[in-house]
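There are 2 protein chains.
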Amino acid sequence: MSERAARASLTRLFEPQDAVGLALVAALGPEEALAVIVSGSDPDPRHEQSVHEVLTEHGGSTSWKGLGTAFARWRPRVPSLAPERDLMVLQRLGGGFLIPSDEYWPEQLEDLGLQSPLGLWYRGAPSLLPGAAHAVAVVGSRDSTAYGATVSADIAHGLARRGFTVVSGGAYGIDAHAHRAALAGGDPESGRAPTVAFMAGGLDRFYPSGNDELLRTVARRGLVLAEVPPGAAPTRYRFLQRNRMIAAFAGATVVVEARWRSGALNTAHHAEALGRAVAAVPGSVLSANSAGCHRLLRDGGAVLVTEVQEVLELLGGHPASNDGVRARNDTAIQDGLTLEDLVLLDALPLRTPVPPEKLCVVAGLGLLAVRAGLGRLQVLGLAESVGALWRRGPTRDSA
Amino acid sequence: MSERAARASLTRLFEPQDAVGLALVAALGPEEALAVIVSGSDPDPRHEQSVHEVLTEHGGSTSWKGLGTAFARWRPRVPSLAPERDLMVLQRLGGGFLIPSDEYWPEQLEDLGLQSPLGLWYRGAPSLLPGAAHAVAVVGSRDSTAYGATVSADIAHGLARRGFTVVSGGAYGIDAHAHRAALAGGDPESGRAPTVAFMAGGLDRFYPSGNDELLRTVARRGLVLAEVPPGAAPTRYRFLQRNRMIAAFAGATVVVEARWRSGALNTAHHAEALGRAVAAVPGSVLSANSAGCHRLLRDGGAVLVTEVQEVLELLGGHPASNDGVRARNDTAIQDGLTLEDLVLLDALPLRTPVPPEKLCVVAGLGLLAVRAGLGRLQVLGLAESVGALWRRGPTRDSA
Numbered sequence: 001m002s003e004r005a006a007r008a009s010l011t012r013l014f015e016p017q018d019a020v021g022l023a024l025v026a027a028l029g030p031e032e033a034l035a036v037i038v039s040g041s042d043p044d045p046r047h048e049q050s051v052h053e054v055l056t057e058h059g060g061s062t063s064w065k066g067l068g069t070a071f072a073r074w075r076p077r078v079p080s081l082a083p084e085r086d087l088m089v090l091q092r093l094g095g096g097f098l099i100p101s102d103e104y105w106p107e108q109l110e111d112l113g114l115q116s117p118l119g120l121w122y123r124g125a126p127s128l129l130p131g132a133a134h135a136v137a138v139v140g141s142r143d144s145t146a147y148g149a150t151v152s153a154d155i156a157h158g159l160a161r162r163g164f165t166v167v168s169g170g171a172y173g174i175d176a177h178a179h180r181a182a183l184a185g186g187d188p189e190s191g192r193a194p195t196v197a198f199m200a201g202g203l204d205r206f207y208p209s210g211n212d213e214l215l216r217t218v219a220r221r222g223l224v225l226a227e228v229p230p231g232a233a234p235t236r237y238r239f240l241q242r243n244r245m246i247a248a249f250a251g252a253t254v255v256v257e258a259r260w261r262s263g264a265l266n267t268a269h270h271a272e273a274l275g276r277a278v279a280a281v282p283g284s285v286l287s288a289n290s291a292g293c294h295r296l297l298r299d300g301g302a303v304l305v306t307e308v309q310e311v312l313e314l315l316g317g318h319p320a321s322n323d324g325v326r327a328r329n330d331t332a333i334q335d336g337l338t339l340e341d342l343v344l345l346d347a348l349p350l351r352t353p354v355p356p357e358k359l360c361v362v363a364g365l366g367l368l369a370v371r372a373g374l375g376r377l378q379v380l381g382l383a384e385s386v387g388a389l390w391r392r393g394p395t396r397d398s399a
Numbered sequence: 001m002s003e004r005a006a007r008a009s010l011t012r013l014f015e016p017q018d019a020v021g022l023a024l025v026a027a028l029g030p031e032e033a034l035a036v037i038v039s040g041s042d043p044d045p046r047h048e049q050s051v052h053e054v055l056t057e058h059g060g061s062t063s064w065k066g067l068g069t070a071f072a073r074w075r076p077r078v079p080s081l082a083p084e085r086d087l088m089v090l091q092r093l094g095g096g097f098l099i100p101s102d103e104y105w106p107e108q109l110e111d112l113g114l115q116s117p118l119g120l121w122y123r124g125a126p127s128l129l130p131g132a133a134h135a136v137a138v139v140g141s142r143d144s145t146a147y148g149a150t151v152s153a154d155i156a157h158g159l160a161r162r163g164f165t166v167v168s169g170g171a172y173g174i175d176a177h178a179h180r181a182a183l184a185g186g187d188p189e190s191g192r193a194p195t196v197a198f199m200a201g202g203l204d205r206f207y208p209s210g211n212d213e214l215l216r217t218v219a220r221r222g223l224v225l226a227e228v229p230p231g232a233a234p235t236r237y238r239f240l241q242r243n244r245m246i247a248a249f250a251g252a253t254v255v256v257e258a259r260w261r262s263g264a265l266n267t268a269h270h271a272e273a274l275g276r277a278v279a280a281v282p283g284s285v286l287s288a289n290s291a292g293c294h295r296l297l298r299d300g301g302a303v304l305v306t307e308v309q310e311v312l313e314l315l316g317g318h319p320a321s322n323d324g325v326r327a328r329n330d331t332a333i334q335d336g337l338t339l340e341d342l343v344l345l346d347a348l349p350l351r352t353p354v355p356p357e358k359l360c361v362v363a364g365l366g367l368l369a370v371r372a373g374l375g376r377l378q379v380l381g382l383a384e385s386v387g388a389l390w391r392r393g394p395t396r397d398s399a
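Chains as they are written, first to last, in this note's numbering: chain A, 1 to 399; chain B, 1 to 399.
Calculated from the structure, these hints are not laboratory results. A couple of the hints might just be wrong.
Chain B is nowhere near these chain A residues, computed Cβ spacing over 10 Å in every case [stated by the list, open to error]:
1) P79
2) A184
3) G283
4) V303
5) T306
Quick look at which bits of chain B chain A covers, simulated, 3 or more residues with Cβ under 8 Å [unchecked claim]:
6) 11–17
7) 193–199
Every residue gets a Cβ at the ideal spot worked out from N, C-alpha and C, and that includes glycine.
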């Protein structure tokens, strides 16, 4: 069985953030971890020892009751394992299952340590996955007000227009406004939009059903992700676990509207614990929907933001392309390019500028793709226009 | 000429915060300073020396051009000096002129150092002047919104009800809402209300004229103050100087609504520079009237507040009586009592409780005054009720 199939299976056996299960995977690797669980035999004392060591290392050994207890929890689910079927379900829905060794795996999730997901079920284009420095979580109340709708849309649209990815939870209210505005701010030419929805349940059926059409659009133009396999119900526990992924995925989390007790605050606290920037939008002190934001601002953990430019400051001024395409790696500009853009960059002459048509021939790309790519490379200083002609830009050192 | 008449005269000769003039007073005392100015003779080199030393000490010597220049500035005003007439004008208006040696002088103004006013023209009862720990400045836009009106009234009324003094500038908008709500929260029995207005012009004529009725009420039930003499116009310069007094007088300054550039921010910056607590009320990010508040909150100088309880936290939890009567001194509870309450405290038996009627006899006070005083003493832990009877409370150490 492949690592992918093993990890896919484990997402069905374990609840998100099952510390013992994740420690078992850390100790034995996903294939062997799965093998010892499905074998039906008693726990190996050496495995017990290894798992306990991993848990101790991560400060999670207090709840340790031995592998036997964990096996008893997981084994009833073994008969329902069908990783190939699950993968096929997602493929038919235009998706798949991403694992940490994949090119597009969002490495920022590793900041969760042992709580990093085993893999990510997805619908959409994983090539749209940005690094944390290009992703902003826009979250808030389900029962948002007109004010919250306006502000979340303003911020999300502004982020999308500037090439930053808007991450949210696909819920009613602020989440939906954020996804919708990011879709509106996407690239009309490619149809792509920089928005990612993290779901608490399986991706075969979207929750809440009232957002089904919106989430299908996000899946088509952006990306929808979940750590639980198709068929998994969006339980309350899974909602809370999902929040940690939103927080880890984004370089900054903005709470637009939140009541005094709100799931959005949970996401904000996760972000804070991970050392990510947390921001909150102020509002009327007479509105219960802003009480949670004011609480965050008073507690000192959040920065007050009033517009998209102030949100971007939180990301530390990382450059972004001027459309919906990510710049994946933050340390080296070239590594942040898509394969297509790298091909285009290689095709650009160092000195004598050429027309885009010539680049189509050299790079083997369509004219629209070349034009879009040149725009992105120009923003990064990698391409330079001379009238209607193009050549390499001033940022050449590692080109 | 008395010190009071000398200081009153100097408020007519100097613009507020005339560094050279204030240095001259610091060096020679008000009577001699006035004498050398009105004498008409050339500056004495020893005086030049002393003034320069004071200015250097206070870091204000850069603008030093010699006493001759200053004399030339002041002397044209000498013929208009008529301190006795000015004092009579104020007396006829139910006021007077307070100087630093007076019992009720607000000592917190001394934190302004050389910029502390020479004296304060007043209308109202100076016995209402609180210490900084019992005064909160509530300031903001002239063109306030309905939101600003509601919030400033909520906060000011809440402060007044708890015995804290609401300080403001008597302007349209937030200032007026704050004064009005403090009047509404005052003590209906005594007619007193804990609100103080600092004016930029002379107190013979209130500015703006549209607030004349309001300010007359503040003068009757609270207190109106100015450092400029009757007849002085409220110039733009004097408005800005006035702000420093509001900031110094109050233990905390709350900006309720302010545009990006607003006089209220000037007051807030003065407060910050003096080490006073500064707070701002958040609002809609779509409202220009909250932009200044959000600016203060983002700059890190202000604490976000949403209600009166959070404002009180800024004062460091100093106790206040539950009506409009000040507790003047912050270090010893007893010193904070009015003479009336001290008399009542002395009348209270240590052990065997007595009815209020008995206290009327012992203390020589009316029944209403005794009842009100008992309430105040009870809040401070100095009186204790046993059914309908009263005795000393648990806070007895220095009673």
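- Earlier hints that do not hold, by number: When the structure is compared with the hints, numbers 3, 4, 5, 6, 7 turn out to be violated.
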